[in-house]
Amino acid sequence: MGHGQEQEQRDQHGSVQRIEPLLPAVKPCAKGGRPRLSDERALNGILFVLRTGTPWEHLPQELGFGSGMTCWRRLRDWQAAGVWHRLHLALLAELRGAGKLDFSRASIDGASVASPGGPHTGANPTDRGKLGSKRHIITDRRGNPLIFCVTGANRHDSVVFEELIDALPAVRGKPGRPRHWPDKLHADKGYDYARCRAHLKRRGICDRIARKGVERNDRLGRHRWVVERTHAWLAAFGKLRTRFERRIDIHLALLSLACSVICVRNLERFC
1 MGHGQEQEQR
11 DQHGSVQRIE
21 PLLPAVKPCA
31 KGGRPRLSDE
41 RALNGILFVL
51 RTGTPWEHLP
61 QELGFGSGMT
71 CWRRLRDWQA
81 AGVWHRLHLA
91 LLAELRGAGK
101 LDFSRASIDG
111 ASVASPGGPH
121 TGANPTDRGK
131 LGSKRHIITD
141 RRGNPLIFCV
151 TGANRHDSVV
161 FEELIDALPA
171 VRGKPGRPRH
181 WPDKLHADKG
191 YDYARCRAHL
201 KRRGICDRIA
211 RKGVERNDRL
221 GRHRWVVERT
231 HAWLAAFGKL
241 RTRFERRIDI
251 HLALLSLACS
261 VICVRNLERF
271 C
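Under UniProt numbering, residues 1 to 271 are what the sequence shown spells out, in order.
Calculated directly from the structure, the hints in this document are not laboratory data.
A virtual CB, placed ideally from N, CA and C, is assigned to each residue, including glycine.
Be a bit skeptical, because a hint or two may be false.
BS3-like, lysine-lysine: derived pairs with alpha carbons at most 25 Å apart [what the hints assert, rightly or not]:
1) K174 x K189
2) K212 x K100
3) K212 x K189
4) K184 x K174
5) K100 x K189
6) K201 x K184
7) K201 x K189
8) K184 x K212
Label-pair restraints from in silico Cβ distances [stated by the list, open to error]:
9) A236 x P35: 29 to 39 Å
10) L22 x E163: 20 to 30 Å
11) P178 x D77: 41 to 51 Å
12) K27 x A167: 27 to 37 Å
13) P60 x H156: 22 to 32 Å
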């Protein structure tokens, strides 16, 4: 068995274990009919599509994960029920409880991906005006994704700065109050605006934003590289290398699940 297959099996096992308690209860159909595909098989099918980028309709039946559309509908329904968000929060709490979530420094950055269209897309100025989306992420010092959002590729990184900061989750995992804000936030010159610095000050966060014409980006890059690595981790998922999903809820569901997989991998790495 190759390293990629072993990693896939670990991702599946770790995700299935943690997601089962979060799933909504399903009442059996009184009319009978075809048995419902188990949640474990559906989740493994979703993870296979996420990792490989296989179109939903081409999910191999011999894998035993059911049809691609069944997996797609389960992904959609669990997104509507808030399952993926709760899974991500539970994993962040688990990381913090294990001492593997570091709030001493956080980093923010955006990365553009091509898209066939749909909500939250726009002409990408860095890709000859082709249609694309941009994902914005904040990570902790170790590169664990804390929060993300999606905009059109034509939106400036700083547009969602305040919204993304305020959306940072309150992470439990240890006795006492949940941890909400990082001590410091690192960002490149794209966030060098007075309003961004003022917003961090109101939240009690020390800004480490590179100043235009004063500091070189690489001077602060020794701390900010972790968020760039997290973007690379996300781009390694075949379904996220390009935004294939026109529906924003499906794209967000896949992003949230990918963030959870990264958290699972980091937990295993430090155990």
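Now for the hints, and whether the structure bears them out:
1. K174 x K189: Since the Cα atoms of K174 and K189 sit roughly 35 Å apart, the hinted pair is violated (cutoff 25 Å).
2. K212 x K100: Status violated; Cα separation ~33 Å.
3. K212 x K189: 6 Å, holds
4. K184 x K174: 21 Å, holds
5. K100 x K189: 29 Å, violated
6. K201 x K184: 10 Å, holds
7. K201 x K189: 18 Å, holds
8. K184 x K212: Given that 25 Å is the threshold and the Cα spacing comes to 19 Å, the pair holds.
9. A236 x P35: 29 to 39 Å: Holds, since A236 and P35 (Cβ atoms, about 35 Å apart) stay within the stated range.
10. L22 x E163: 20 to 30 Å: 25 Å, holds
11. P178 x D77: 41 to 51 Å: 28 Å, violated
12. K27 x A167: 27 to 37 Å: For A167 against K27, whose Cβ atoms are near 33 Å apart, the range 27 to 37 Å holds.
13. P60 x H156: 22 to 32 Å: Hint violated: Cβ distance 42 Å, outside 22 to 32 Å.
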